[in-house]
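Undergrad: Listed below, chain by chain, are the residues.
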Amino acid sequence: MAIVQHDPSDWEDFEAAARRPIEQHIRNSFIHTYKPVLDDAPYRSFDSMEAYRQWCKDNLPAWLGYSRV
Amino acid sequence: MAAFEFKNAQDLGKVFQGHGVRYLFFGKSGAILLGYSDTTQDVDLYVDKDRENCEKILAALLELGFRLTEKEQEEVRRGKDFIQLRNGPFDMDLVFAPDGIERFEDAWKRRVERHGFPVANLDDIVGSKQAANRQKDRESLPRLLSFRDWMKKQGGE
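Protein sequences appear in the order of chains A and B.
For the first sequence, position 15 (counting from the first letter as 1) is numbered 14 according to numbering that gives the first Met the number 0, and the numbering increases by one without interruption.
For the second sequence, position 56 (counting from the first letter as 1) is numbered 55 according to numbering that gives the first Met the number 0, and the numbering increases by one without interruption.
Simulated from the structure, these hints should not be mistaken for laboratory data.
Incorrect hints may have been included.
[Claimed, not checked] Think about it this way: if two alpha-carbon atoms lie no more than 25 Å apart in a straight line, the pair counts; the simulated BS3-like pairs of lysine-lysine are:
#1 B:13 / B:108
#2 B:108 / B:70
#3 B:152 / A:34
#4 B:48 / B:70
#5 B:48 / B:79
#6 B:48 / B:108
#7 B:6 / A:34
#8 B:108 / B:151
#9 B:135 / A:56
#10 B:13 / A:56
#11 A:34 / B:55
#12 B:79 / B:13
#13 A:56 / A:34
#14 B:79 / B:55
#15 B:79 / B:152
Given the sequences, and given the hints that come with them, work out the whole structure.
TA: Right under this line is the structure:
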């Protein structure tokens with residue numbers, strides 16, 4: 000697999016993350032932010048991924064980025 | 000809703016293991032367990048859609064404190080393709096049929112163990128995001144690919 004062009008600052012971040020205890024790494028990574036519509040129901044289910052993607056396209060604000068390109 | 004903490008991951012791992020659930024941390028949450036530095040809100044689990052496994056998932060979810068109605072419990076038993084849970088101790092998505100992966104068994108064979116948790120292979124996480132091809136995936140993929148290269152350079156996975 001080809002090595003992609005990378006931003007050197009990314010690799011510095013990865014190296015710094017690898018030095019942190021897992022507890023700290025998780026705390027830094029899971030940030031609760033409210034996502035309109037998506038977070039407004041306690042439970043949703045979909046019979047197919049296609050149905051889920053369509054629901055995202057039809058219901059979520061475009062800026063959340065859940066629509067297929 | 001409190002953010003997901005390592006203690007939550009430990010509880011999840013212990014309860015899922017106790018019930019014998021076949022699951023993998025997946026998506027960005029899986030990548031984070033592999034060491035990826037980025038942020039996310041919820042936990043994505045790729046779970047085996049096998050009927051027996053779905054029964055175990057339901058028992059594990061109830062033990063963890065997810066509040067499910069009878070109808071929702073039946074849907075978990077049936078193994079829908081995607082279930083979004085915002086009714087428990089942390090936000091979690093159950094993915095039974097992720098984009099880009101044909102069979103759970105294939106991903107299971109390629110899994111890696113990190114901190115005692117079963118995590119999907121980074122190639123599967125990347126491949127699924129490429130197949131999903133959402134705007135948010137397109138924006139995050141260059142950095143995730145960079146992480147994969149970094150991991151390979153470290154000799155990981």
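Undergrad: Look at each hint and say if it fits the structure.
TA: Hint check results:
no.: 1; hint: B:13 / B:108; result: 21 Å, holds
no.: 2; hint: B:108 / B:70; result: 33 Å, violated
no.: 3; hint: B:152 / A:34; result: 36 Å, violated
no.: 4; hint: B:48 / B:70; result: 18 Å, holds
no.: 5; hint: B:48 / B:79; result: 8 Å, holds
no.: 6; hint: B:48 / B:108; result: 16 Å, holds
no.: 7; hint: B:6 / A:34; result: 24 Å, holds
no.: 8; hint: B:108 / B:151; result: 19 Å, holds
no.: 9; hint: B:135 / A:56; result: 13 Å, holds
no.: 10; hint: B:13 / A:56; result: 36 Å, violated
no.: 11; hint: A:34 / B:55; result: 30 Å, violated
no.: 12; hint: B:79 / B:13; result: 24 Å, holds
no.: 13; hint: A:56 / A:34; result: 15 Å, holds
no.: 14; hint: B:79 / B:55; result: 15 Å, holds
no.: 15; hint: B:79 / B:152; result: 38 Å, violated
Hint check: violations occur at hints 2, 3, 10, 11 and 15; the rest are consistent with the structure.
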